[in-house]
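For this one, chain A is given, so just place chain B on it according to the hints.
There are 2 protein chains.
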Amino acid sequence: MTILAIDLGGTRLRAALYTDDFQQIARAETRTHPEEGQDAVLKRLFETARQAIPAGHTPSLIGLSTPGPMDAERGVILHSFALPGWKDVPLAAIVSEAFGNVPAFAQNDGNVGPIAEYRLGAGRGTNPMIYLTVSTWIGGGVVIDGKLFTGWSGHAAEPGHMQLTDDEGNVRRLEELASGTAIGWHAQKRLKTWDKPTLLRESATVDGAAVGAAAVQGDPLALEVVATAGRYLGLGMVNLLHLFSPEAIVIGGSVTKLGDLLFDTVRATIDERVLAPAFLPPNLIRLAACGDDVCLLGAAVNAVDRLGS
Amino acid sequence: MTILAIDLGGTRLRAALYTDDFQQIARAETRTHPEEGQDAVLKRLFETARQAIPAGHTPSLIGLSTPGPMDAERGVILHSFALPGWKDVPLAAIVSEAFGNVPAFAQNDGNVGPIAEYRLGAGRGTNPMIYLTVSTWIGGGVVIDGKLFTGWSGHAAEPGHMQLTDDEGNVRRLEELASGTAIGWHAQKRLKTWDKPTLLRESATVDGAAVGAAAVQGDPLALEVVATAGRYLGLGMVNLLHLFSPEAIVIGGSVTKLGDLLFDTVRATIDERVLAPAFLPPNLIRLAACGDDVCLLGAAVNAVDRLGS
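Chains as they are written, first to last, in my numbering: chain A, 1 to 309; chain B, 310 to 618.
Same shape as in the complex, but just chain A:
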């Protein structure tokens, strides 16, 4: 069996062909350009997918990773912030038909990440496993007893939408306090009252990337801001520990490239606030291992699971 995986993102469109033990045979990638509309994107999706199928191969199964909200059961994109104008698009059926009516299954891009990291990545064999991606915003998911946990609505878990309050008592989502975007906001605010030298004063754009670059160079304002984000991220993880008691929290996304500049504060906050050491397994926090193709891998694994169920 070969599996065609397609990752339809708001920025990038990726496709890859996998063996049934998830070895990549071929891969293709392009820009999505959602502003050109649904028909143009679908045309590009078919082209990219075909580029990922070398001569002599025919996929026997298709897995799709799509922006949400979507109906994973039926493979329908309900609507999408990432794909403006798309409404009730039966993507799994459309792609299945385009590739000789082989079975096709779609899953929310927020859900394929945890599936991939649980089955093939840093969370293998852990229970429960929590997956967090910290980049522009914060996404993630929970795997319990080896299955993606989605709750009554099918939309759990959304760790980025945990409610916390900021230092002034305003209620915020975790992703408004600890994401790359939040790091940029913290820095912009802190810069207003910062009277010491900082690389960020000369920076054309004070965003998460600029703060990260300055932090790596030892800039004191940037380091403080990264530590603040780490503190909020740590509080979010304490909540996850007390509610799910995970065996592993697998964390990916661009912000994790800050390494100990971020994680030192994360760990200190957890140690300070956790209810009891019994909640802390060895090797709790693990860096995601599936890399940039995590959504392709997760889409492939999801399709195999759905086919077999």
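Please note that the accuracy of each hint is not assured.
What the hints assert, rightly or not - Covered by chain A, according to a simulated footprint, are these stretches of chain B (three or more residues, beta-carbon under 8 Å):
hint: 1; region: 343-353
hint: 2; region: 462-468
Unchecked claim - Some, not all, of what chain B presents toward chain A, calculated at C-beta under 8 Å:
hint: 3; residue: I453
hint: 4; residue: T459
hint: 5; residue: M471
hint: 6; residue: D476
hint: 7; residue: T507
hint: 8; residue: V547
hint: 9; residue: N548
hint: 10; residue: L552
Said to hold, decoys possible - Pulled from the structure, derived: some chain B residues nowhere near chain A, Cβ distances all over 12 Å:
hint: 11; residue: L429
hint: 12; residue: A519
hint: 13; residue: D573
If you are wondering where the hints come from, they were derived from the structure by calculation, not from laboratory data. For every residue, glycine included, the Cβ atom is placed at its ideal position computed from N, Cα and C.
Positioned in the frame of chain A, the structure of chain B alone reads:
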């Protein structure tokens, strides 16, 4: 089959005999007096349990509800804030031996409540179900696919230990912001700057009970304080919605007797902060239905489940 259920609390010691469809045959209750030490409490436990067994009945199974932390697998109380001096007490084995070596299973008192409400109470048939008790502090648990969810450590879920920050940006546990104790604290603090009439100024003790009584009489300070607790409780529930997407949140405990004085703010906070209406099932928030014997019922159900597994 008849089941002897024993609820060993820090204040009260209860016992009841149940039929195998959980109808109560007899019941007994006394004060625990943990300050008299382990031997005295165990003696009183045996006496109370025997009072709950009418002549002609012999229990064929024993279920225990005990303060934590405990090892439910082996039925051992590890140590306990509620029972000072108890350490590694194999209570299930001790009670089993005292009653003719019938099988005995113990479970944390925080976990038997959700079991009872899921199987016999307000959460029947819901998935996932979250149970919250809001009284002196906040406890609770989560039932997923009909099973108590306890995570890797066996100690999940502890909703009262979610981290939030108060209006001044200090990190607090949910139970420090929304429990009966917290209501007393909020009132004591608010009273310092309150320059209008309030019943609480004359009150000998400004605690949760006094605030509740004043709120029911329309006291403006008390109403404001109850609404503040409701706002934090609502934020806690939003977190639970985004993380677990429960079909029902069953809520019990003395604080829920405040009814809409509390729940109006809880509901308003949920409506304001929930990510999408899809997270809100009909009849989400339900009052607990098992009453004061919830721990006895849960201990009995747990014992039957453990015997059958």
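Cross-check of the supplied hints:
no.: 1; hint: 343-353; in the structure: violated (count 0)
no.: 2; hint: 462-468; in the structure: holds (count 7)
no.: 3; hint: I453; in the structure: holds (7 Å)
no.: 4; hint: T459; in the structure: holds (7 Å)
no.: 5; hint: M471; in the structure: holds (5 Å)
no.: 6; hint: D476; in the structure: holds (4 Å)
no.: 7; hint: T507; in the structure: violated (24 Å)
no.: 8; hint: V547; in the structure: holds (5 Å)
no.: 9; hint: N548; in the structure: holds (5 Å)
no.: 10; hint: L552; in the structure: holds (5 Å)
no.: 11; hint: L429; in the structure: holds (21 Å)
no.: 12; hint: A519; in the structure: holds (26 Å)
no.: 13; hint: D573; in the structure: holds (18 Å)
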